[in-house]
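Chains as they are written, first to last, in this note's numbering: chain Z, 1 to 446; chain F, 1 to 423.
No lab work stands behind these hints, which were simulated from the structure alone.
A hint or two may mislead.
What the hints assert, rightly or not - Ranges of calculated distance between the beta carbons of each label pair, as one might list FRET restraints:
1. Asn83(Z) <-> Phe218(F): 38 to 44 Å
2. Asp64(F) <-> Arg365(Z): 53 to 59 Å
3. Glu106(Z) <-> Glu352(F): 25 to 31 Å
4. Ser361(F) <-> Leu134(Z): 48 to 54 Å
5. Asp64(F) <-> Gly194(Z): 55 to 61 Å
6. Arg337(F) <-> Gln159(Z): 56 to 62 Å
7. Asn437(Z) <-> His405(F): 43 to 49 Å
8. Asn142(Z) <-> Lys165(F): 47 to 53 Å
9. Lys165(F) <-> Asn83(Z): 19 to 25 Å
10. Pro291(Z) <-> Lys321(F): 41 to 47 Å
11. Ser361(F) <-> Arg110(Z): 45 to 51 Å
It should be emphasised that the depicted structure is a prediction, and the values quoted were computed from it without experimental measurement.
Note that beta-carbon positions come from the ideal geometry of N, C-alpha and C, so glycine has one too.
Each chain, written out:
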Amino acid sequence: MGAFNTIAFDANKCDGCGDCMTACATAKTGTTEISRSRLQIAGNAAEGFELALCRQCGDPKCVTVCPAGALGKDYASGVIDWNGDKCVDCLLCTVGCAYAGIALDEASGRVAKCDMCDGSPACVSACPHDALKLVTTSRIYNEVGDWEDLFAPGLAGCQGCNTELLMRHTLRRVGPDTVLATPPGCVPGMGSVGFNGTTGTKVPVFHPLLTNTAPMLAGVKRHYKRIGREVTALAIAGDGGASDVGFQSLSGAAERNEQILFMVVDNEGYMNTGMQRSSCTPYGAWTSTTPVGQGTGSGGLPSQGKTQDAKNLPLIMVNHRCEYVATASTAYMEDLYDKLDKAIAASKRGFAYLHVYSPCTTGWRFPTDQNMEVARKAVETNFVMLWEYTRAGGLRFTRPVDEPLPVTDYLKAMGRFRHLSEDQISHIQGKVVENLNFVKQMAHRA
Amino acid sequence: METTKYLVVGSSHAALEALTAIRMHDTDGSLTMLTRDAHLPYSPTVLPYVVSGRSAPDTVFLRDEKFFARHQISLRRGTALKALHPARNTAELADGSQIAYEKILLATGASPAIPPIPGIAQVSYHVLRTLDDATKLNAAMKASKQAVVMGAGLVGMHAAENLVKAGAKVTIVEMAKQLTDGYFDATAAALIEKAFTDNGATILTGSRVVKLAPSSAFATPGATITLESGATLEADLLLVATGVRPNMDFLTGEGAAVERDKGILVGERMQTSVPNVFAAGDCAQAKSFYSDTKVMNAILPDAAEQGRIAGMAMAGDPGIKDYPGGIPVNTYHFFGRHAISVGSSKVPEGGEVVTRFDEASGRYLKVIFHEGRLTGIYGVNEFFDAGVMSQLILRRIDLSPVREHFLAEPMKSAREIMSLTWR
Ligand SMILES: Cc1cc2nc3c(=O)[nH]c(=O)nc-3n(C[C@H](O)[C@H](O)[C@H](O)COP(=O)(O)OP(=O)(O)OC[C@H]3O[C@@H](n4cnc5c(N)ncnc54)[C@H](O)[C@@H]3O)c2cc1C
Ligand code: SF4
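Chain Z with its partners taken away, still in its complex shape (with noise of 0.2 Å):
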């Protein structure tokens, strides 16, 4: 059984018009009464918007009360099948489902559901604000079931981590024709270049200096290219080593335009080697080298966390023209998956760059199963910016934020912020703020 695409409902961008009701109604009564439509919305304008719809279970009750064999769940599309034939009108499937999914139209005397319009929702087209969408991650899903995982099994991460994750959607989509490398990081540390002479993936994987990775995978690269093979040269390196001591070679390898993809998994430190500070860690967070404390300061007074802001190592990245250059996240996979096609794609002809925001439970001091919560606030309040670069395109925001949260919803969700002070969360608030301005500008001018 694979995924299957569903329609979600953005309450907050619900205003209540009811044109999702009334496509429904139209495409499956041919009448424009709302009452027919197989979602209703209810609610009001003071306290929002609710939306009452098939959610087309995995573990349908609808299916097991009916007694008549009317309704079954069809794995292919994921939509649950009603069968007027079969069907006896006896309602038993209203008490199955909890969701008011199912539901008598009084007109017609039967019960109707949503079938997802064979793949093409009318209410999701109807809908002018947005409010209603097709997820269609469930492609992601079972496509990348079918591809073969190419990292050993049981990686030795820390327990909450998405780099594992990363690690092995990436792998799997640039495919066995590659060769990876991981210089000193996360990454080697959880097992990519494996124990006692045993590496941790099924592809030819090395392990470059912290300050050589890019013009070592230009070299492997040009070797290959040389004598006429095809392969896929990816970097999965740490911010550390690719904005603080890898920088200069990176910079290089970027302006020469060498045809390789180098991917940043960014947790805003040397989360590895004990939780030091790097260029990316963020102002005011705390690390075992921005200690929060009483006299350890300069000047005696007490420190409380980084001091100087991070640096943007992707924008820096822009200015290099490469040929793809994007942000991502792993709470928000479809995006992530659509800019590593084109970071694939990009690096048969020159220099593609990937940076992706990785929180980590250990460093950033949160409950190991908040990672994709962590990451989604990242976005929601802007404290991250989601979106990619190319020439002929300049710079565009692919998940604008339009209504941020306040950036204390991000900050509240770990530890390492915990001690700071008002002035230090109007500070990050009005980096936040100054940060999004830069990159409009640049997407402005694109």
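Use these hints to put chain F with the ligands onto chain Z, whose structure you have.
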């Protein structure tokens, strides 16, 4: 002796849900399903539609042979459980053979209860619980000119409607003071009664049948029915629908160690008083949602729910949750109208009843609250989502803040709460 890890007895809703739950957790443990019925699994609930001819008998099966092959389940039809030897973890079948099990589920449901009316053994009558009953009744109905239905529960009412529509003169005889007693209140019952009498049926509530005798007034074997009042009725077709009794007569001898009351007594995970023996569905007597007493809640959704819990318990699925207790739920379609009841019809002490009735449209609503929470809701021609209402009751959601809105538009208001609470 044959052995199986899981032995499931019965092939209806409770049993089928148990199969699914077992296979979710244990994909290859040996699994055997026994049923005394000769057919593939089907639901008793669909039978009124087989009687009416709306559903062809060969289209009502809930699973096919392929399903059993795919999930490596050995289905043995026409094989009844005769006795249980729980001390030896062994089941004895009607043909005398034995099967040893690690866990057994008794999902044997119920059979029609036949009242001990003098003369009943001498007359020919119909009941409705199995597919064979339904095809027989379907055939008999076509020739019937005047029929008597004993019992005005939902089974009797469904059959009576079919008989009326087939053109028979129908009399419904019911002991209680109203129709559909225990399902719907007096107002709803009056609406149902009116629909039936408008369509030509005769309804005798508060009437007891005291004697039955064969009648030779018809070409087919008929019955003379004598009522307590002394009046008699002649019927060319008699349907006995006076309730059901759980199938548990195999619990004799060693099997009697399994504790019973009205049904087989089970705990929160459908376990009986005896190790490795589980029971679910219409044969089981489980906790009520409203009190700690154990009750018979012989409805399809509850059979499915209990079956699922039993299957999870048998397979050791750690995702199992205790049975919250059953609440009565009924949906009933009659002559193009519908009646829905969710929850207890009893008004708890300190409870409050609100009713709304619009005579012109025949819309009726009755809501029972206790301490701001819903305990029961009834509607005739007033549609609401029974599944959502059940959750409002089970989750004991405080409705006092939205009381007026709830009473005015129960369906909409419940959907709003649903979206906010258990989306
Ligand atoms: C006409 C009719 C209409 C109904 N309408 C509704 C309705 O609208 N809504 C509702 O909620 N409920 C309705 N019901 C009730 C509902 O069908 C039952 O609650 C439900 O079927 C119970 O399922 P179960 O699995 O517990 O038992 P059953 O469905 O009774 O199944 C019992 C199974 O056990 C088998 N069995 C019995 N004894 C043995 C034995 N000794 N050895 C082997 N196998 C055995 C039987 O063959 C059968 O397969 C209706 C019932 C009838 C008869
Ligand atoms: S109303 Fe139709 S689909 Fe729903 S449970 Fe009854 S027979 Fe099945």
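Hint check:
1. Under the hint 38 to 44 Å, the C-beta atoms of Asn83(Z) and Phe218(F), about 39 Å apart, fit the expected range.
2. Distance hint check for Asp64(F) and Arg365(Z): the Cβ-Cβ separation is about 55 Å, which falls inside the suggested range of 53 to 59 Å.
3. The hint said 25 to 31 Å for the Cβ distance between Glu106(Z) and Glu352(F), and at roughly 29 Å that hint holds.
4. Roughly 39 Å separates the CB atoms of Ser361(F) and Leu134(Z), a value that falls outside the hinted 48 to 54 Å.
5. About 50 Å separates the C-beta atoms of Asp64(F) and Gly194(Z), a value inconsistent with the hinted range of 55 to 61 Å.
6. At roughly 58 Å, the beta carbons of Arg337(F) and Gln159(Z) sit within the given window of 56 to 62 Å.
7. Checked against the given bound of 43 to 49 Å, the beta carbons of Asn437(Z) and His405(F), roughly 45 Å apart, stay inside it.
8. Separated by about 49 Å at the C-beta atoms, Asn142(Z) and Lys165(F) satisfy the suggested range of 47 to 53 Å.
9. For Lys165(F) and Asn83(Z), the Cβ-Cβ distance of about 23 Å falls inside the hinted range of 19 to 25 Å, so the restraint holds.
10. At roughly 46 Å, the beta carbons of Pro291(Z) and Lys321(F) sit within the given window of 41 to 47 Å.
11. Look at Ser361(F) against Arg110(Z): about 20 Å separates their beta carbons, and that is not inside 45 to 51 Å.
When held up to the earlier numbered hints, the structure conflicts with 4, 5 and 11 and fits the remainder.
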